[in-house]
Amino acid sequence: MNHLKKMSEFNHADLLVIRKNLVHWYDACHRHLPWRENADPYRIWVSEVMLQQTRVKTAVPYFLAFVEAFPTLEDLAKADLEQVLKLWEGLGYYARARNLHKAACRVVSDLHGRIPSRFSDFTALPGVGDYIASAVLSMAFGQAHAVVDANVKRVLARLLCLDVPVNLSSAHRQFQTIADSLLDRNDPGRFNQAVMELGALVCTPAVPACSVCPIADNCCALSAAQIQTFPLRLKTKKIPCHRISTGIVIKNGKLLVTRRKLSGLLGGLWEFPGGKRLKGETARAACIREIKEETGLDVSISSFLTRIKHAYTHFKIEMDVFYCDYMSGEVTLNGPIDYQWISLPEIQRFAFPKANLKFIPLIDQTLNARKVS
DNA sequence: AAGACGGGGCA
DNA sequence: TGCCCAGTCTT
1 MNHLKKMSEF NHADLLVIRK NLVHWYDACH RHLPWRENAD PYRIWVSEVM LQQTRVKTAV
61 PYFLAFVEAF PTLEDLAKAD LEQVLKLWEG LGYYARARNL HKAACRVVSD LHGRIPSRFS
121 DFTALPGVGD YIASAVLSMA FGQAHAVVDA NVKRVLARLL CLDVPVNLSS AHRQFQTIAD
181 SLLDRNDPGR FNQAVMELGA LVCTPAVPAC SVCPIADNCC ALSAAQIQTF PLRLKTKKIP
241 CHRISTGIVI KNGKLLVTRR KLSGLLGGLW EFPGGKRLKG ETARAACIRE IKEETGLDVS
301 ISSFLTRIKH AYTHFKIEMD VFYCDYMSGE VTLNGPIDYQ WISLPEIQRF AFPKANLKFI
361 PLIDQTLNAR KVS
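Straight run, no breaks: the first sequence in the working numbering ends on number 373.
The reader is advised that the hints may include incorrect statements.
[Unchecked claim] Only pairs whose alpha carbons sit at most 27 Å apart, straight line, appear in this in silico DSS-like list of lysine-lysine:
# : residue 1 : residue 2
1 : 309       : 57
2 : 279       : 254
3 : 86        : 354
4 : 358       : 279
5 : 309       : 279
No wet-lab data here; the hints were simulated from the structure. Since the model is a prediction, treat every value here as computed from it, not as a measurement.
Based on the sequences and whatever the hints tell you, model everything.
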């Protein structure tokens, strides 16, 4: 750390070299991804939404299925939210899907189906922030907006030995200013993708491949042998673990599923009813109580199915899943916005959270036969 | 300015 | 396990 010379900006000569080397490297080494086949702003938009906090490898199959189902923005606007969520099932951050669908509807109804070419008009749409607007406008329309994502921040932090943590919200403006100064305005879309591609393929978080980096000569962190020091990052807090009870309520061979409210965690998804265990409460008691509270039904536990562990961003859950027999009562929803009694094969028509998808394959295929006998 | 919001992959 | 990822919205 002794001889580390920190910088807050590039000098002009470095700028030219970095731009040239970066773009040449990108042309030679970039991946061939489905949203790079053309400059269709709709496809680029969809891809950028899916890529938020999500790796390329994860997003690709979702992207292909999504544009297959909705080839154009008009097709997306015409679709039901439930259908959109089903295509998003398992991808996470479901507000992205709700916002993208709402934005598509708004573009069609208010903007003649035209994706805004003005930055401020674009960011006025739900789910479109600085990053999405910069990415789509630069890649589809060639506008000079620098993207700042996690890749860009990591690359810049290393190039300049930046002192500020990348996950400090107040530092974002500083990264944006630096990215703007580095942007190659001759081809902003290609340059933006080049920086992000470098972050994804070469300047990776754990073990960067500095030996093949096209801008290694300009890297402050590398020259100071401090690659592992950057980027700086604030420590994250420990997350709590909740104990959940979930019931597969069976009535005449049909299963009860409920739909979560549109806002908040897993908004709009379907699930098997249940909820958090209270202090000192048994898993079975919590299952019966939660189902009564959410649906108004009285049930009894018939057997234990399995225990599921699942991690969210801010907490973990340990979920005990029980088979329940319907006893009495009519459905009166308190919390969920909808419910249905469904047969086992019908499950695949609904979008479920991952925690539910982990136990759904275990549900006994002979449920119907057993109940009849 | 901090917290909410999913899920997967990797060391 | 803990970290981190082509961010945005709410409070």
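Do the hints match the structure? See the list:
1. 309 to 57: holds, 24 Å
2. 279 to 254: violated, 32 Å
3. 86 to 354: At roughly 12 Å apart (the allowed maximum being 27 Å), residue 354 and residue 86 satisfy the hint.
4. 358 to 279: holds, 26 Å
5. 309 to 279: Distance of about 19 Å is within 27 Å: holds.
Checked against the numbered hints listed earlier, the structure breaks hint 2 alone; every other hint is satisfied.
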